[in-house]
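Participant: Positions 1 to 170 (the UniProt record's numbering) are the ones given, in order, by the sequence shown.
By construction, these hints were calculated from the structure, which means they are not laboratory data.
One or more of the hints may lead you astray.
[Claimed, not checked] Taking CB as the label site, the calculated pair distances span:
1. Thr63 x Ala139: 20 to 26 Å
2. Arg142 x Pro50: 19 to 25 Å
3. Asn55 x Glu24: 35 to 41 Å
4. Ala88 x Glu138: 31 to 37 Å
5. Asp54 x Asp119: 16 to 22 Å
6. Thr48 x Asp124: 21 to 27 Å
7. Val132 x Glu85: 32 to 38 Å
8. Ala139 x Phe41: 14 to 20 Å
9. Asp124 x Ala46: 25 to 31 Å
10. Gly134 x Val34: 27 to 33 Å
All C-beta atoms, glycine included, are put in the ideal place defined by N, C-alpha and C.
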Amino acid sequence: MASLKVQKATSSDKNLLQPQYGVELTMYNRAHSVLKLDRCFTWSGAPTNPGFPDNIPSNSTTTFTYLRGVDDGSIAAVVYTGENEYGAYAFVLAWDAPTDNTPTPNRVYVNSAPKSVIDYYTFDQIREYLGVSGQHSEARDRLSRSSASADISDSNPNIATVTAHFSASP
């Protein structure tokens with residue numbers, strides 16, 4: 001019977017660790033209202049404790065880490081909502097950071113629209129949009145006077161970084 005030898009990686013062995021063990025997300029709320037988590041979906045991986053932020057205060061930033069799944073990396077989507085004088089609006093942010101981003105690059109997708117429109121989006125539709133997106137995504141909506149943009153970087157071999165900006169008129 002063959003024996004397995006397990007070796008624990010040390011900090012000096014960090015280049016031996018599995019690439020892209022997660023995603024670090026930074027979200028900037030430049031809207032004039034608190035953004036509230038409306039819904040979220042995880043296809044692969046999981047957010048670290050305490051999970052997805054429930055609220056992002058106006059004119060502030062929040063950062064959290066999302067760990068990869070065993071085979072498919074980090075794939076998830078969140079929807080945040082807010083209100084202005086034009087009504088309720090929603091922002092969609094989705095990302096795909098495969099465990100090995102050589103054959104399939106990291107992708108990010110955003111959308112901004114009235115909440116009543118985003119409410120009809122299914123997570124399967126969002127995953128389709130994410131599948132044809134790239135490393136940068138942006139959206140502007142004239143009805144809700146809201147906009148969103150996001151970038152995903154793979155400059156660090158062990159963790160992808162997503163930076164998203166959400167804004168809306170008062």
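Participant: The structure should be examined with respect to each hint, and the outcome stated for every one.
Facilitator: Hints, one by one, checked against the model:
1. Thr63 x Ala139: 20 to 26 Å: Holds, at about 22 Å.
2. Arg142 x Pro50: 19 to 25 Å: Taking Cβ atoms as reference, Arg142 and Pro50 lie about 36 Å apart, which means the hint is violated.
3. Asn55 x Glu24: 35 to 41 Å: violated (20 Å)
4. Ala88 x Glu138: 31 to 37 Å: violated (21 Å)
5. Asp54 x Asp119: 16 to 22 Å: holds (19 Å)
6. Thr48 x Asp124: 21 to 27 Å: holds (26 Å)
7. Val132 x Glu85: 32 to 38 Å: The hint (32 to 38 Å, Cβ to Cβ) holds, given that Val132 and Glu85 are roughly 34 Å apart.
8. Ala139 x Phe41: 14 to 20 Å: Since Ala139 and Phe41 have Cβ atoms about 19 Å apart, the given range 14 to 20 Å holds.
9. Asp124 x Ala46: 25 to 31 Å: violated (20 Å)
10. Gly134 x Val34: 27 to 33 Å: holds (30 Å)
Taken one by one, the earlier hints fail for this structure at numbers 2, 3, 4, 9, listed in ascending order.
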